[in-house]
Each structure stands twice: as structure tokens, then as C-alpha cells.
Amino acid sequence: MNSQGDWNTCPLPLGINGETLLLAHGEGARATRRLIRELLVQPLSNEFLAPLDDAAVLPDPGRPIVLSTDSYVVSPLFFPGGDIGRLAVHGTINDLAVCGAEPLYLSMAIIAEEGLAIDTLRRVVESVRDAARDCGVWIVTGDTKVVPRGAADGVFLNTTGLGRLRPGVRLGAERVQPGDRILVSGTIGDHGLAILAARERFDLGEALVSDTAPLHRLVARLLDSGADVKFLRDPTRGGVSAACHELSEATGHAIRLDESSTPVSEAVRGACELLGLDPFYVANEGKLLAVVAEPDVDRALEALRSEAIGRNAAAIGQVIADPGPLVLVRGQLGFDRILDEPTGAPLPRIC
Amino acid sequence: MKFVDEYRDPELAHRLLGELARVATRPWSIMEVCGGQTHTLLRHGIDQLVKPLVKLVHGPGCPVCVTPLELIDKALAIAQRPEVIFTSFGDMLRVPGSGDDLLRVRARGGDVRIVYSPLDAVTIAAENPARQVVFFAVGFETTAPATALAVAEAARRRLTNFSMLVSHVLVPPAIEAILASPTNRIQGFLAAGHVCTVVGFEDYFRLAERYRVPIVVTGFEPVDLLEGILMVVRQLETGRCDVENQYARSVKREGNTRAQAIVHEVYEVCDRPWRGIGILPRSGLRLRSAYHAYDAERRFAVESIRPIEPAECRSGEVLQGLIAPDECPEFGRRCTPDRPLGAPMVSSEGACAAYYRYGRAQAAKPVGLVPT
Numbered sequence: 001m002n003s004q005g006d007w008n009t010c011p012l013p014l015g016i017n018g019e020t021l022l023l024a025h026g027e028g029a030r031a032t033r034r035l036i037r038e039l040l041v042q043p044l045s046n047e048f049l050a051p052l053d054d055a056a057v058l059p060d061p062g063r064p065i066v067l068s069t070d071s072y073v074v075s076p077l078f079f080p081g082g083d084i085g086r087l088a089v090h091g092t093i094n095d096l097a098v099c100g101a102e103p104l105y106l107s108m109a110i111i112a113e114e115g116l117a118i119d120t121l122r123r124v125v126e127s128v129r130d131a132a133r134d135c136g137v138w139i140v141t142g143d144t145k146v147v148p149r150g151a152a153d154g155v156f157l158n159t160t161g162l163g164r165l166r167p168g169v170r171l172g173a174e175r176v177q178p179g180d181r182i183l184v185s186g187t188i189g190d191h192g193l194a195i196l197a198a199r200e201r202f203d204l205g206e207a208l209v210s211d212t213a214p215l216h217r218l219v220a221r222l223l224d225s226g227a228d229v230k231f232l233r234d235p236t237r238g239g240v241s242a243a244c245h246e247l248s249e250a251t252g253h254a255i256r257l258d259e260s261s262t263p264v265s266e267a268v269r270g271a272c273e274l275l276g277l278d279p280f281y282v283a284n285e286g287k288l289l290a291v292v293a294e295p296d297v298d299r300a301l302e303a304l305r306s307e308a309i310g311r312n313a314a315a316i317g318q319v320i321a322d323p324g325p326l327v328l329v330r331g332q333l334g335f336d337r338i339l340d341e342p343t344g345a346p347l348p349r350i351c
Numbered sequence: 001m002k003f004v005d006e007y008r009d010p011e012l013a014h015r016l017l018g019e020l021a022r023v024a025t026r027p028w029s030i031m032e033v034c035g036g037q038t039h040t041l042l043r044h045g046i047d048q049l050v051k052p053l054v055k056l057v058h059g060p061g062c063p064v065c066v067t068p069l070e071l072i073d074k075a076l077a078i079a080q081r082p083e084v085i086f087t088s089f090g091d092m093l094r095v096p097g098s099g100d101d102l103l104r105v106r107a108r109g110g111d112v113r114i115v116y117s118p119l120d121a122v123t124i125a126a127e128n129p130a131r132q133v134v135f136f137a138v139g140f141e142t143t144a145p146a147t148a149l150a151v152a153e154a155a156r157r158r159l160t161n162f163s164m165l166v167s168h169v170l171v172p173p174a175i176e177a178i179l180a181s182p183t184n185r186i187q188g189f190l191a192a193g194h195v196c197t198v199v200g201f202e203d204y205f206r207l208a209e210r211y212r213v214p215i216v217v218t219g220f221e222p223v224d225l226l227e228g229i230l231m232v233v234r235q236l237e238t239g240r241c242d243v244e245n246q247y248a249r250s251v252k253r254e255g256n257t258r259a260q261a262i263v264h265e266v267y268e269v270c271d272r273p274w275r276g277i278g279i280l281p282r283s284g285l286r287l288r289s290a291y292h293a294y295d296a297e298r299r300f301a302v303e304s305i306r307p308i309e310p311a312e313c314r315s316g317e318v319l320q321g322l323i324a325p326d327e328c329p330e331f332g333r334r335c336t337p338d339r340p341l342g343a344p345m346v347s348s349e350g351a352c353a354a355y356y357r358y359g360r361a362q363a364a365k366p367v368g369l370v371p372t
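Residue numbers (the working numbering), protein chains in the order written: chain A, 1 to 351; chain B, 1 to 372.
Worth flagging that the hints you see were computed from the coordinates, not collected in a lab.
Derived, one-sided and incomplete: chain B residues facing chain A with beta-carbon distance under 7 Å:
| hint | residue |
| --- | --- |
| 1 | D91 |
| 2 | D338 |
| 3 | R357 |
| 4 | Y358 |
What the simulated footprint calls covered on chain B by chain A, stretch by stretch (three residues with Cβ under 8 Å from a Cβ of chain A suffice, anywhere in the stretch; the number is not a length):
| hint | stretch |
| --- | --- |
| 5 | 7-13 |
| 6 | 41-49 |
| 7 | 114-120 |
All C-beta atoms in this analysis are idealised placements derived from N, C-alpha and C, irrespective of residue type, glycine included.
Kindly generate the complete structure, drawing on both the sequences and the hints.
Structure follows, in C-alpha cells:
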């Protein structure tokens, strides 16, 4: 991989500051070239991106290639703990990581709304640059479109990630058996509540912060620990509930989560109580859900806790044979309830 | 979390359950009035833990559920207007009107926004002088002070672009309607602690005496509910019918007099239709004539909208405790949280949604999982 010193870390040139994005910026004319050069190529520059061809030519990674794509349409663009740029880098890297891949390259497509302050776009690109650098991946190709006002909400990003499969990885729902344990790498619900509070302007204090973070190093630590890891997911939309439903359906087994063992920050618990939401349904952007063979739980937890973003890792549940595909939660009083599949985004209640 | 965890203490909960088993000599039917209580009972499985000593019957205390279809349709008509910013508590957005809901109106371009406090809607009005900002004021005595305050605040700031679609309802008339019904089978009540925090519990003494029924003002955490149930059962077993206050850490007999004053200043008591139940006399609040300028029904001339309730939804019977949600033939089949026939399947406080979500009817195949 290229050394990180190749990145251009200087602030962006000021030539197009203070301007507003126009349709002309996306129509392939001079304005487009200038926008791409000043806003994208300079900050993101690297040996693969530099030639500005229609496609990037990349070296053979030597192992099976893993490819993943995701689009990012978050509102607001900037929120406590992150922004759409970091999310677009972390989200796609995390999709690669939970498939057992080392992320190498990203493509980035920008769909921007006419009238957006170019400064805002610049901040987003800087954020993409910083996040990619921190993750050790390169943005190697991209695209920019400007759409009429109202046809997008500020900026939409799409990133496609390319990685190589780690040697010896055997992950898949088919390996999951009754008795296996469910681990989570930290507190749940942080991202979803931070976004909800920021978007709806709920004043719930400053402790609600998105957990957006790259998971590939955490996954590497876990896989290298020697623990028998069978299945990995990043529980994003629909939260831990959606990820467990997916697993339960794929395996045909039930999953029982333990409410008291599940880490939830005081801020998220408080906000959930207030808004009538259940943290199991709330989105995460920097959490790993892992299914591990029962005897290896301690080893896996130790590996997760050795990384800063995994310090609150906990075993929160178990795969059970009966009663078929179903997700249960053992509540604080020791009684099981069914965790239904999420239906749409959680809505705050009245009182 | 402080003030929460101590009321979810499993040891204490099991002690109360043991005490209940010791005290109860026969099965009793007790209604929890408030949807928030229904939610806690099902979430923690308390309805199952107290069986067969106590049969919990779910009451009409879900504000989303009892808001009449007519008001939902009026909300939809107003929210569609291009000049309107329609603001609402979150869980009203999915409630089906005659053929639509607020989420769909938003998808078609309506400016529908979730607010957490009615005062946020007033702020939005102040920030958008060229738009009409409407707040959907629903709920029981608990939310009425906040919505009253919003109107008073809009008046103080002389905002001419703020109005409210009001559908407030009152708990005691609903309890009385249930008790007065010849089909009533409820032997004791858990009154809603939050409602009583605002209005106190003076009104309940007359009900307890007239209908010979114990009423215990009860909180919302598992330990609160178990203690409330135990207090009702103790009364039933000894033949008493008093009003008692389990939720003394929040509720005073006279309630919150400042909150009552602002409600009285802005609203007056009126007859009000309850979804699925019908018109209950003196069971709602409407804006006093001094505040008619803030009445969205008048401002947008939607008073003539009069829809007809779909026949297949039996939410009226559910809300009166006459049938359990899973006794409705459409439960989990044609009616699910994804495609609700009636409001109780929508709100997190709705009895049908709580049954569905927590997989009640835990028979061989949970009804909540029947594919639709």
C-alpha cells in the first residue's frame, strides 16, 4: 500500500470559496473541470487518482477481491460526532470489513444540489480525505453531478469500496449454530439518536454523539485473536434488532438477547426513555456484531476490548435452537419478549 | 440510570409478585388505563407474570388511538396545503386517516415536521412568518398544559401564523363510560400516574364510591405497576373501594395547579368523539372563544370533513377492554404495524401494537409473526 505521506494535507485553495454551486458546475464545461480540480483532485490526490482517466488502474491485490457499494443521504450533513463525508468512508469500509476484507480503495460519486455553498462541499470533501487517510485507503476514482435545486438534499455521496479477502477467513450464517454467542463491540444506538436529535432539533444535551468509526482494524484484531468467529455484521439501519433478524432468518435459529448485558450509554438510555424508543432498533455506524463459538467468548472479548472503539464490548446474547427463527430479549425482570422486526424509522412518542 | 433502575429491580419485582400470590384468593380483572402502562406491562412480561391471579385489561389511554378519524383527515387536509408547515408529535405521523397518513402527505411534498415540544412549533412559526404553522394538539391531560402554553406563547408574541388542531381528551369521563357500560367486567383500575401528576386525583373519589371500584394512581415502571396491582388486589380482597396513590413521588392529590391554571385559561371542556368509541359527553378540551384565532379548524375551513370509520377495525372494543387485541380476526393478518387498519396498531402505546411487538399470544406460532 502507498505511504500516507503521498496525501496532500494542505488546506484547499481559496479560489472558489464563498461561491454557490451552479448547474454549470456539473455540465462538463470549464466550471466542472475547475470544480473537480480544486475541490476534489487536489485534496484527494494520489498516484491512482492523478491521471484523471475515466477509470483507475489498480495493482493486482493477490487475493480474492471483495466489492461493496453504499449511498449516503444523511440529513443534516454535519452532526455531532461526524458528517456525511466520514460516514461515506466508514460505512463502506465497514461493509468490507464485516465480510472479512482488508479495505484498499474507494470510489466516490457526489450528487450535489444546485445552490449548495461550495464551502460546504469543500468541508465534506476534506472530511472524506481525512477519514480515508485515517483508514489507510485511497479514493481512486470519482464522479460529480449537480442536480437542480430540490432534486437532492444538499449532497448525496456514493462510495464503492474494494478490498482483498483476508487469508483463512470463514464467515457466514451457515456456520452459526445453537450455543454460539452474540457479541457487540460497544454501546448501541448512539448514531441514530444523535442524528434524530440533530435533525429534529431536539435539545437533549450534548452527550448524544454519533459513533461513526471504521471497523476494519477491530475486525482484524478479532480475527487474528484465534477465536472462532463465524459471522460479522455492522448493525446500521434497524440497529441490533435488524441484524439479529437477518441472522435468525438465515440460520433458522432463534436468538436471545439479554437486555441487562447490552451496553447502552446513559445519554442514549435517557433519550430513548424520553422519546419512547428502544435502543435495539436504533442505528449504529461504528459497532460490530459478532457471532463467536461459545468457548472463545473471553478471547474474542479481550481482542475487541484491546482497541479503543471496542473497550465496551460485551456478550449480549446467544443463538438458541428453539423456537425457530425469532429474536427474543430477556428483559430486566427475567421474562422473554419478542423483538419484532423494525417497521420503518422509529418515531418519537407523544408522552 | 437514576430514578429508573431502582423501579426495575428484579428482586423487588419478584418480592411483589410473591406478595400478590399470597394475597389473591381468586382471579381479578384490572384495567390499566394508560397506553404507556400497557407498553411497560407487555415489554416486561408483567401481564404474563401476574396470570392467573390478575387479568390485565388494556384501557383507552393511548392518545394516538382515540384521536378521531375526523381529526386525522382534517390534519391531512391541512398538511397538504403548500403554505402550511404541519407540526406534530412523532407517532401521529403513521396513523391512518381515511386513505392516507401524514408520512405519505410528506412524501408528496407536504411540509410535515416532528416536534418534541409544542413550543418548538411556536418557534418555527416565529422563524417562518410567510408560512402557516399548525400544531396537532393531541393527548390527554398530560400534554394539554404544554399545548395551552404554546397558544398562550403565540398570543404573547402576537404571531398570526400559528394555529392548532385540537383533539385533547380527558381520562375520568372515559373511565366512567367503561364503568357505566352494562358489559363492564373491570373490577379495579390503575389510574395513569402522569395524568394525575397534572390534574390530581380528586375526580376519582366520586367514581370509586359510585361504582364501588378500587382505583390506584400508578406509575410506569415495572415495580410501580406491580405495586399498583397489589394495592388494587388488596382492596378487592378486603372489599374496599378507595382511591390510593402508589405514585406519590410524582402525584399530589390536588395535582399541578399551575399547569391546571394555564389549561383552564386556554381551553374549555366539551363533548368529544373518541375513535372507535363514539362521542363521550364532557370528555375533551377545545379552545376558548378568546383563542379562536388560533383554531386551525376555523382558519382552514375543514370543519365539514366527516369520514366513516372502517368496519373491519374493532379498535373500539379493544379500547374499551371488551376484547384483547389478538381476539380481533384481523390482528397480525390484515392489520400490522406496517399496514395498520386502526390507530391502536400504530402508536408505541397502542394496545394492538404492543401485543404485536411483544409477540403476545405466545402459542405455538406467535400471531405477531404470521406473514401478511
